[in-house]
Amino acid sequence: MAVNLLRRIGIFILTAFVASILVFLLLSVVPGDPARAQLGTDASQAEVDALQQRLGLNRPVPLRYLLWLGGLLHGDLGTSFVTRQSVTPEVMNALQVSLLLVVAGMLVAVIIAIPLGTMSAMRQGRADGVVLSALSQIGISIPNFLMALLLVVVLAVRWGVAPASGWVAPAISPGGFLAHLILPALALGIVRGAILSRYTRSAVLDIQRDDFMRTARAKGLTSGRALWRHGLRNALIPVVTVTGVEFSGLLVGAVVIETVFVIPGLGSLLLQSVANRDMAEVQAVVMVIVFMVLLINLLVDLAYTIIDPRLRSAR
Amino acid sequence: MSAPTSSEPTSTARPPAAAAATAPARRGGRLNAMLITGAVMVGVVVLICIVSFLWTPMSPVATDPIDRLQAGSAAHWLGTDGLGRDVTSQLIVGSRIPLLVGVVAVLIALLLGVPWGILAGMAGRPGQWCMRWNDIVQAFPPLLLAVVFAAVFGASTWSAMLALGIGFAPGFARVTRSGTIQVMSREYAVAARAAGRGPLFTAIHHVVPNIRSIVIVQATVTFALAVLSEAALSFLGLGTPAPTPSWGRMLQEAQAYIYNRPTLILWPGVAIAWTVLAFNLLGDGLRDQLDPRMKERR
Numbered sequence: 090m091a092v093n094l095l096r097r098i099g100i101f102i103l104t105a106f107v108a109s110i111l112v113f114l115l116l117s118v119v120p121g122d123p124a125r126a127q128l129g130t131d132a133s134q135a136e137v138d139a140l141q142q143r144l145g146l147n148r149p150v151p152l153r154y155l156l157w158l159g160g161l162l163h164g165d166l167g168t169s170f171v172t173r174q175s176v177t178p179e180v181m182n183a184l185q186v187s188l189l190l191v192v193a194g195m196l197v198a199v200i201i202a203i204p205l206g207t208m209s210a211m212r213q214g215r216a217d218g219v220v221l222s223a224l225s226q227i228g229i230s231i232p233n234f235l236m237a238l239l240l241v242v243v244l245a246v247r248w249g250v251a252p253a254s255g256w257v258a259p260a261i262s263p264g265g266f267l268a269h270l271i272l273p274a275l276a277l278g279i280v281r282g283a284i285l286s287r288y289t290r291s292a293v294l295d296i297q298r299d300d301f302m303r304t305a306r307a308k309g310l311t312s313g314r315a316l317w318r319h320g321l322r323n324a325l326i327p328v329v330t331v332t333g334v335e336f337s338g339l340l341v342g343a344v345v346i347e348t349v350f351v352i353p354g355l356g357s358l359l360l361q362s363v364a365n366r367d368m369a370e371v372q373a374v375v376m377v378i379v380f381m382v383l384l385i386n387l388l389v390d391l392a393y394t395i396i397d398p399r400l401r402s403a404r
Numbered sequence: 567m568s569a570p571t572s573s574e575p576t577s578t579a580r581p582p583a584a585a586a587a588t589a590p591a592r593r594g595g596r597l598n599a600m601l602i603t604g605a606v607m608v609g610v611v612v613l614i615c616i617v618s619f620l621w622t623p624m625s626p627v628a629t630d631p632i633d634r635l636q637a638g639s640a641a642h643w644l645g646t647d648g649l650g651r652d653v654t655s656q657l658i659v660g661s662r663i664p665l666l667v668g669v670v671a672v673l674i675a676l677l678l679g680v681p682w683g684i685l686a687g688m689a690g691r692p693g694q695w696c697m698r699w700n701d702i703v704q705a706f707p708p709l710l711l712a713v714v715f716a717a718v719f720g721a722s723t724w725s726a727m728l729a730l731g732i733g734f735a736p737g738f739a740r741v742t743r744s745g746t747i748q749v750m751s752r753e754y755a756v757a758a759r760a761a762g763r764g765p766l767f768t769a770i771h772h773v774v775p776n777i778r779s780i781v782i783v784q785a786t787v788t789f790a791l792a793v794l795s796e797a798a799l800s801f802l803g804l805g806t807p808a809p810t811p812s813w814g815r816m817l818q819e820a821q822a823y824i825y826n827r828p829t830l831i832l833w834p835g836v837a838i839a840w841t842v843l844a845f846n847l848l849g850d851g852l853r854d855q856l857d858p859r860m861k862e863r864r
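Residue numbers (the working numbering), protein chains in the order written: chain F, 90 to 404; chain S, 567 to 864.
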């Protein structure tokens with residue numbers, strides 16, 4: 090167990106390291122000179138040189154990478170090309186907002202998926218089961234930003250039950266926070282919930298065929314009770330893994346959703362820095378997202394071995 | 567993968583859509599409803615795309631400041647958008663970009679992922695290191711990669727196709743590898759090695775024909791993801807630049823009129839959902855048709 094744990098963490102660190110090289114290389118091959126881009130064509134060469142000096146762009150690429158990596162390890166995500174200040178506070182605030190959104194979306198997804206998936210598995214072959222499957226198929230096919238727009242049209246514009254856009258930090262007003270969270274969380278969660286419900290469905294279908302479920306039914310439990318008492322726990326193991334994997338989908342989904350609802354998260358920050366051509370900030374945001382994806386994968390891996398003891402010694 | 571597949575002639579060049587039409591018939595099995603529905607729905611989109619090159623009700627890009635935001639009429643079937651452009655024509659022409667991005671991104675992903683997966687599957691222990699690289703690339707979600715490419719190389723159809731292709735490649739590598747490992751454990755693969763056949767021979771004559779169906783299914787499902795991602799990218803304004811119409815950007819533009827003309831969201835939204843649903847159904851149908859044992863497993 091301990092060896093396995095160390096191995097996983099080792100692989101995680103190595104992967105994150107290589108990913109950081111990729112992020113850096115990808116964003117330092119940008120055609121054009123960021124200093125020139127900032128100052129405009131009117132600036133003199135001396136001014137450009139001075140800014141390059143300040144931003145450290147005149148150093149060789151490997152050194153720039155090492156300096157950036159050193160900063161990352163100390164929790165410094167870099168210096169903005171535009172504001173020339175550290176991007177760390179801005180990125181960290183945005184990350185917080187995005188994570189709140191993702192967790193809320195995940196919650197919605199799970200609340201939708203587990204009952205829906207279980208029901209559609211139990212009613213397999215019957216009319217209502219088919220309808221549920223069809224609904225989840227359609228749910229998967231709707232892009233989350235379209236879902237967001239539809240929710241805005243119906244719930245915000247028509248019925249006025251929730252604000253159409255904006256964000257209130259939970260510390261400022263918990264009520265306002267929740268009100269502004271409803272629509273984005275639904276938009277994110279409904280689509281992800283449709284995907285998750287399909288995994289739940291097939292996991293429940295798989296478990297129905299297992300011997301212990303047959304035994305449970307043979308001893309007189311109805312199939313519903315057998316599922317509740319014995320099946321669901323086992324069926325949820327793969328679902329937990331998928332939920333973790335879905336996390337990265339949710340994080341990227343949040344990037345798009347945030348622009349619909351004008352939420353100051355990582356997505357809005359990323360697009361804003363792309364528009365400003367502030368590659369230092371783009372680099373910071375991308376690195377944070379990639380790091381979060383890797384971290385969640387690690388946590389899911391570890392959680393998986395904890396939930397299912399059979400996997401502890403494996404591999 | 568089932569052994570009977572290997573007895574069939576290999577034709578790797580056949581696109582998934584054509585395979586959908588011929589593979590089940592050849593097998594003589596019962597076609598499943600999902601496959602038929604998916605194939606018909608894909609057919610409709612492809613047809614609309616073909617029609618777009620021959621005819622549109624009006625010019626999709628001609629603006630008309632007087633007839634902005636019109637409701638549906640005899641002249642403009644689905645009305646006009648915020649710049650007075652004909653929504654019907656935009657919808658028809660807007661099918662090109664998602665399909666183009668889908669085809670090219672899936673091809674790139676296929677060309678990168680499949681050989682890599684076969685290599686990883688045949689290499690034994692070093693194959694695990696191939697998969698580590700896969701994990702690293704997989705840490706970059708395709709849409710994020712596309713945003714980065716747009717930032718670095720400028721937003722264009724090419725940057726979108728390239729980024730999505732690279733982003734989707736690990737998925738192909740993963741399914742190809744697991745298929746390859748299965749094939750390599752079979753008697754005929756072992757026999758080929760015993761008979762002195764080189765790895766390249768085995769890869770071409772045994773692995774490729776046997777993993778074909780999982781790759782086709784993966785390609786179809788990835789196509790749906792590519793259409794979704796392209797729509798998201800266009801919606802963010804980082805896809806194909808204006809004035810080339812695409813459904814994602816139609817949605818983005820419609821967002822400004824969400825209070826006075828919410829129906830503008832409806833049509834491009836339906837078009838995107840329809841196309842994604844079509845390829846998802848086709849993929850699931852193909853999965854059930856080509857390999858019943860994979861049924862309901864994702």
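Incorrect hints may appear among the rest.
[Claimed, not checked] Here chain S is said to cover these stretches of chain F; the calculated rule only asks that three of the stretch's residues, wherever they fall, bring their Cβ under 8 Å from a Cβ of chain S:
no., stretch
1, 146-155
2, 217-230
3, 365-373
4, 377-387
Quick caveat, the hints were computed from the structure, so don't treat them as lab data. For each residue, glycine too, the CB sits at the ideal point set by N, CA and C.
Hint check results:
1. Here the stretch 146-155 of chain F counts 0 residues with a CB under 8 Å from a CB of chain S, which misses the bar of 3, and the coverage is violated.
2. With 4 residues bearing a CB less than 8 Å from a CB of chain S, the stretch 217-230 of chain F meets the requirement of three and the coverage assertion stands.
3. For a cut-off of 8 Å, the count of residues in the stretch 365-373 of chain F with a CB near a CB of chain S stands at 3, and the three-residue condition holds.
4. Taking a C-beta to C-beta cut-off of 8 Å, the stretch 377-387 of chain F contributes 5 residues in contact with chain S, enough for the three needed, and the coverage statement holds.
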